[in-house]
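> Here is what each chain is made of, one letter per residue.
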Amino acid sequence: MATKKFMYVNRKAPYGTVYALEALEVVLIAAAFEQDISLAFIDDGVYQITKEQSTDGIGMKNFSATYKALGDYDINKIYVEKESLDDRGLTADDLMPLVWEDEDDDWAEKPSIKIVSREEMAAVLAAQDVHYSF
Amino acid sequence: MKFTVMINEGPYQHQSSDSALQFCRAVLAEGHDIFRVFFYNDGVNNGTRLSVPPKDDRQLQKEWSQLAKDHSLDMVICIAAAQRRGLMDASEAERQGLDANNIIDGFHISGLGQLIEGSIQSDRTVIFGD
Chain A
14 MATKKFMYVN
24 RKAPYGTVYA
34 LEALEVVLIA
44 AAFEQDISLA
54 FIDDGVYQIT
64 KEQSTDGIGM
74 KNFSATYKAL
84 GDYDINKIYV
94 EKESLDDRGL
104 TADDLMPLVW
114 EDEDDDWAEK
124 PSIKIVSREE
134 MAAVLAAQDV
144 HYSF
Chain B
650 MKFTVMINEG
660 PYQHQSSDSA
670 LQFCRAVLAE
680 GHDIFRVFFY
690 NDGVNNGTRL
700 SVPPKDDRQL
710 QKEWSQLAKD
720 HSLDMVICIA
730 AAQRRGLMDA
740 SEAERQGLDA
750 NNIIDGFHIS
760 GLGQLIEGSI
770 QSDRTVIFGD
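For the record, the sequence lines run as chains A and B. Counting in our numbering, the final residue of the first sequence is number 147, and the numbers go up one at a time with none missing. Counting in our numbering, the final residue of the second sequence is number 779, and the numbers go up one at a time with none missing.
Hints are computed from structural coordinates only; laboratory data are not their basis. Take these hints with a grain of salt, some might be off.
Claimed, not checked - The following residues of chain A were derived to be distant from chain B, with all beta-carbon distances above 10 angstroms: (1) A43; (2) A45; (3) I71.
Claimed, not checked - Under the rule of at most 27 angstroms between Cα atoms (straight-line distance), these lysine-lysine pairs were calculated in the BS3-like manner: (4) A:K17 <-> B:K651; (5) A:K64 <-> A:K90; (6) A:K123 <-> A:K18; (7) A:K74 <-> A:K18; (8) B:K718 <-> A:K18; (9) A:K64 <-> A:K17.
Note that the structure is predicted; figures quoted are calculated from it, not measured. Idealized CB from N, CA, C, for every residue including glycine.
Let the hints inform the model, and build the full structure from the sequences given.
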């Protein structure tokens with residue numbers, strides 16, 4: 014099967030609506046198809062990968078740990094828009110440390126998250142074959 | 650050109666189902682192919698046969714069903730999204746021990762892999778959502 018560049022654009026907060034959870038379910042299935050997968054987090058989507066999430070008291074399942082497993086599926090291109098972080102008073106330190114193990118480099122753990130400007134994000138998006146927007 | 654179309658919002662709640670339906674008709678009228686139509690999130694509610702909209706309103710589920718019949722479209726409802734929202738075909742209802750099913754003709758229930766495969770096989774993937 015042909016390999017295409019797939020981009021998952023995550024725009025919504027993790028709780029409040031089902032978009033983030035069901036987007037993650039698509040990503041996990043897609044991992045089995047050996048395609049070139051990237052994720053983008055923009056707008057309120059940046060909250061999806063903030064650390065120390067707690068859903069105590071709202072009755073929702075806390076699925077944030079699933080993002081940490083993405084590296085095990087060779088999903089290691091995670092782009093976060095800097096302007097979206099800035100607008101919300103967030104920095105890289107507020108995000109979960111998402112990593113992957115590089116089998117070509119003695120299994121060294123490397124960061125999956127790349128913080129990019131809005132302009133850089135536009136270029137990343139333009140380079141994709143398929144966009145799923147959630 | 651070959652298209653895969655994805656619908657992520659519910660009928661009547663949101664215009665994306667209407668827009669997607671009109672887009673599919675336009676694509677076919679121009680002589681292009683639709684490889685697959687994939688319904689996800691609340692979009693799965695386009696596949697119920699138990700919807701009874703007012704007579705003077707559009708009949709979205711029936712219109713999708715007719716379009717599928719007229720053009721032999723492959724219209725897939727995501728099983729994970731469908732199970733959450735109570736969309737069942739006969740075999741799934743039986744497997745779950747439920748007393749009813751509600752899928753309209755022309756739709757079938759399958760997995761998210763159908764979406765990924767559709768995007769791999771198609772020239773364009775077009776998403777209708779919020």
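> Take the hints in turn and mark each one as holding or not.
Here's how the hints hold up against the structure:
1. A43: violated, 5 angstroms
2. A45: Contrary to the label, A45 of chain A does not stay out of reach of chain B, its closest Cβ about 7 angstroms off (not over 10 angstroms).
3. I71: Nearest chain B Cβ is 18 angstroms from I71 of chain A, so the label holds.
4. A:K17 <-> B:K651: Distance of about 15 angstroms is within 27 angstroms: holds.
5. A:K64 <-> A:K90: The hint holds at about 18 angstroms.
6. A:K123 <-> A:K18: holds, 21 angstroms
7. A:K74 <-> A:K18: Not OK: K74 of chain A and K18 of chain A at ~30 angstroms, beyond 27 angstroms, violated.
8. B:K718 <-> A:K18: Measuring from Cα to Cα gives roughly 33 angstroms; hence the hint is violated.
9. A:K64 <-> A:K17: violated, 31 angstroms
The structure shown violates the earlier hints numbered 1, 2, 7, 8 and 9.
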